[in-house]
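Residue numbers (the numbering used here), protein chains in the order written: chain A, 92 to 233; chain B, 4 to 415.
Everything labelled a hint here was simulated from the structure, so no lab data went into it.
Predicted model only: the values in this text are computed from it and were never measured.
Keep in mind that a hint or two might mislead.
List of simulated lysine-lysine pairs, BS3-like, C-alpha gap at most 30 Å [unchecked claim]:
| # | chain 1 | residue 1 | chain 2 | residue 2 |
| --- | --- | --- | --- | --- |
| 1 | A | K146 | A | K157 |
| 2 | A | K138 | B | K148 |
| 3 | B | K249 | B | K355 |
| 4 | B | K249 | A | K158 |
| 5 | B | K226 | B | K47 |
| 6 | B | K232 | B | K355 |
| 7 | A | K146 | B | K355 |
| 8 | B | K249 | B | K47 |
| 9 | B | K47 | A | K157 |
| 10 | A | K154 | B | K249 |
| 11 | B | K346 | B | K226 |
| 12 | B | K350 | A | K156 |
Per label pair, the in silico range of CB-to-CB distance [to be verified]:
| # | chain 1 | residue 1 | chain 2 | residue 2 | range |
| --- | --- | --- | --- | --- | --- |
| 13 | B | A95 | A | M108 | 50 to 56 Å |
| 14 | A | I192 | B | T292 | 34 to 40 Å |
| 15 | A | L147 | B | K232 | 53 to 59 Å |
| 16 | A | N223 | B | H201 | 54 to 60 Å |
| 17 | B | Q381 | A | V150 | 43 to 49 Å |
| 18 | B | L351 | A | I143 | 23 to 29 Å |
| 19 | B | H201 | A | V150 | 37 to 43 Å |
| 20 | B | L123 | A | I143 | 38 to 44 Å |
| 21 | B | K232 | A | N223 | 55 to 61 Å |
Taking beta-carbon pairs under 8 Å as the criterion, some of the chain A residues facing chain B (in silico) [unchecked claim]:
| # | residue |
| --- | --- |
| 22 | I119 |
| 23 | F127 |
| 24 | I134 |
| 25 | Q181 |
| 26 | I184 |
Idealized CB from N, CA, C, for every residue including glycine.
Below, each chain spelled out in residue letters.
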Amino acid sequence: MSNFSLATFFPLAELTMAQRGVEALKVILTGFAVVFAVLFFLILIIKIYSNIVVKLQDVAYNKKKKKIKDDEVLIKKPSKPVSSPEPVTQDGIPEEVVAVISAAVASMYDSPQRARIKSIKRSASGRSAWANAGVADNTRPF
Amino acid sequence: MEILNGFVEAIQGIFQSSGLVSLNWQNYVMIGVSIILLYLAIKKQYEPLLLLPIAFGMLLVNLYPEIMAAPSTELLTAQQCAEHGVATAGHAVRIIDGIEYYENPTYGGLLYYLYQGVKLGIYPPLIFLGIGCMTDFGPLIANPKSLILGAAAQIGIFVTFTGAITLGFTPAESGAIGIIGGADGPTAIYVTTKLAPHLLGSIAIAAYSYMALVPIIQPPIMKALTTKKERAVVMEQLRPVSKLEKIMFPVIVVILIAILLPDAAPLVGMLMLGNLFKESGVVERISKTAQNELMNIITIFLGTTVGATASGQNFLRLETIEIIALGLVAFAMGTAFGVLFGKLMYKLTGGKVNPLIGSAGVSAVPMAARVSQRVGQQENPGNFLLMHAMGPNVAGVIGSAVAAGVLLNVVG
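Only chain B is shown next, with the shape it has when bound in the complex (with noise of 0.2 Å):
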């Protein structure tokens, strides 16, 4: 009768702390969310490399919430400690009520721990190390007017800020949505950590689905706002850069940008140290660490942490859905500034420019460079866009870096 009173406990028990019991609906319809995102990222590979992670660390945190748990400290007598066969030697000792309690540790879920990464702001300069070792920044250096249409592609940013904080949204949580508008992944979560970090799963995952979404969304903007005359414009070939040229670029960058606006250092930083890695040619052992093992290590942590972010209770709420639609608004804003400055351009230029390049300004790169390239083809099979994308593409990585330091110097 004992053996089978003991068994009855047991299986009272597993029962008891097993999902069925301490799940809750919300729960439920995360897991639904994250198989609706695994799909996307397997079947239709929208961003897998990022969506893959984001929506298992999205399943897993809840399918078992305790595994982004933060470590605490509880309190128990010498009997309790006995009883769970809790060592008290070396726990320091708490006196409440006259009773002796012995401070016992509990550790961390493991996402807790690698998701420190990310709160710190030490994952996403990283994975900015990982992308200046892939890019090429001869465009941009080749045009330099090319960093006007980067500039132009980060004002849905601040237009965005206006429409977070009217619909009440603090300041610092509207600087984070506005980000979004910057078509940046690694800088999102680093503005968003800093200035709302409750938000994070919501913006890192409107973010990312985006840029995914970057060939969906932007053509119909560009052809909006552009003349059949307009895209069919092509540009002239780009002069021939120099291997000294490319060198000097990221030390000047970083120089300067550092100095004007510290608070971009941290990322503007890592991504011209990757640059010079790359362009210096003398530590391609590193060169390629950096843009693959580091980059794909970072990418698992950086993703499946910011997925388990998405909890249930942390997700479901209106303020997501307002988030999703103000990403919206900031990317389709910043592809219509980036295109209305191209046309400026082009007027400018005597028809020289063609605007079809501003979309590009957005970041999202590659992704948004090559819809410029193939919106272009679309007028004029002959025309090659893509180098020239390029330029603005590349100058929009440095200014949606430049415009986090201005949100973080300035609502942080």
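Next comes chain A alone, as it looks inside the complex (with noise of 0.2 Å):
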């Protein structure tokens, strides 16, 4: 197919005005027909996995909801009240800090009954989390 070109079977000093025509035409409705027809065929195949993609994360989007109805009917099951102890924290971390450290470690579990805080104590590293961070971003590939 590569081998085909048209400048090698018709040298521009042999073409004829219709020659030309011919040829310009020839492109044209091979440039359209190669385009269109790769483009469309891009549509189907988009619209298709986008179908298939969507339909999957509907079913595993509803099963999750599922899952989260159930955690709360467990929830809201007459039960013992909760005994568990309140973290022990070092002395001055306000308490907001500790809703916000409870808040992020729940968010990382499915269930807020699987995860418990015993205590929060401030790091004893020299640097501080933001440099902690810094360094962990620029060695983790190594």
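From these two lone chains plus the hints, build me the complex, please.
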């Protein structure tokens, strides 16, 4: 296919106006047909895979939703009051920080019942949390 | 006296080798042209990232043509080697008419070596890599029908091919001229280096000039082909596209296009690789490099060396004017066909598609999409077409790469 070359078959000097017209029409037709065919095919493929992905994600979402509902039912069940002790916090750590840490930990688990914070201490590291994050970001791939 | 003679000879030598003697009128005209382009890049900010290096490359090559000179081999006798202090050891010897000559290689100019990246088709795909890292195909995935508009806008390429071949250009040259209508600089350069490298300077300059002039060229065509009612259409909001869909898109597109049209694989492949860097989210460092440092370096090399192909002797010809005129036709036709197909979609969807987004199918990302947004807001200030126009706009990048593949295959 790639050996086909109009320039090879028809050196310019020998091309009459009519031949040029014919060659131009050939290129126009091929161009239209191929560009539209490829892009139509692409439309079809995108539609198919998008539908599959959206459906799969809907199924996964519904499953997750159902699970959350089940968990909520479990929580709502009349049961003994939760007797988990309050986390031991170091002096000077405000309650807001404790609440934020608890929320972050809870968000990592599917159910709030699976995680328990026992104590919260200040990090003894010489670097700040931001510096640690920076070091981790720059050295992770090595 | 000897000292004075030596001084005069030295001055004469310097004068003989200076531009005052070696440059011709074409070089001086091109120096003027390059200064105008520098003005447009700096003062008017017309595509300055490309126009500035292009203009400076043009200036350099017309001041010092040797900067683009290819390396060669000069033949020196043993005596000449001794006079010029050239080492003979290791040099091949050729005997002509009984005289021994040493083959002494001379080096090419700086821009000659940098130009190899253009000549060998390396820079344009690398630019596409960076573009891929910066492109969000979300609007296209959310509304795949916009690919039709990206295809329609490529019609200008093939119509201009007819114009060029009628004017006497060869089929290969006509293909390179037609690709200006794709409004995609790297694609135009890639196709031209393969089909008609001698026209590279004029085609690249025409392509980038028209891309810079998108906000001036497109609106009159868009307004002439649409009614007030059509321009005021407010389109439905696009659905959100999931990360998985965005990750799958580049892989699926590259498989499909590389199998169906292998000639488009280098451009589309690099575009999709860049996009996968971006969407996967696991190679952020590479993605940043590809869209910043790498792309900037390649832009410098590409712009300067493409500009350096526009030496006076190459550029100041009738065919350059023809190319610039045909490029404008290609660009205008691409815009017109995009809008006309937009109108067709408007009719078929019962008025849900604003035909103005069709003009964005000519690539020129994101300028063409911005023009659709601006013209739409002139009719209805509360209308936001930008995201809808980004679909055909990025489809135009794929469409012009596919059109390039067709041209390379048919007339290459």
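Requested in this report: Given the range 37 to 43 Å, decide if the beta-carbon distance of H201 (chain B) to V150 (chain A) lies inside it.
Outcome: violated, 59 Å
Query raised in the report: Does 38 to 44 Å hold as the CB distance between L123 (chain B) and I143 (chain A), or does it fail?
Result: The hinted range 38 to 44 Å holds for L123 (chain B) and I143 (chain A), with Cβ atoms some 40 Å apart.
**Report entry** Status of the I134 (chain A) interface restraint (C-beta, 8 Å, chain B)
**Finding:** Result: holds, 4 Å to nearest chain B Cβ.
Report task. Could you tell me whether the CB distance from Q381 (chain B) to V150 (chain A) stays inside 43 to 49 Å? Result -> holds, 45 Å
Query raised in the report: CA of K249 (chain B) to CA of K47 (chain B), is that 30 Å or under?
Result: Judged against 30 Å, a Cα distance of about 37 Å means the pair is violated.
Requested in this report: Kindly confirm whether 54 to 60 Å is satisfied by the beta carbon distance between N223 (chain A) and H201 (chain B).
Outcome: holds, 59 Å
Query raised in the report: Do the alpha carbons of K232 (chain B) and K355 (chain B) lie within 30 Å of each other, as the hint requires?
Result: holds, 12 Å
Query raised in the report: Given the hint that K138 (chain A) pairs with K148 (chain B), does the C-alpha gap stay at or below 30 Å?
Result: Holds, at roughly 9 Å.
Query raised in the report: Okay, L351 (chain B) versus I143 (chain A) on CB: inside 23 to 29 Å?
Result: Cβ of L351 (chain B) to Cβ of I143 (chain A): about 26 Å, so the range 23 to 29 Å holds.
Query raised in the report: Holds or violated: K146 (chain A) with K157 (chain A), Cα cutoff 30 Å?
Result: holds, 16 Å
Query raised in the report: Does the structure keep K226 (chain B) and K47 (chain B) at a Cα separation of 30 Å or less?
Result: With Cα atoms ~25 Å apart, K226 (chain B) and K47 (chain B) stay inside 30 Å; holds.
Query raised in the report: Quick one: are I192 (chain A) and T292 (chain B) within 34 to 40 Å, going by C-beta?
Result: Given a distance of about 36 Å, which is inside 34 to 40 Å, the answer is holds.
Violation of the numbered hints given earlier is confined to hints 8, 9, 12, 15, 19, 25, 26; the remaining hints are satisfied by the structure.
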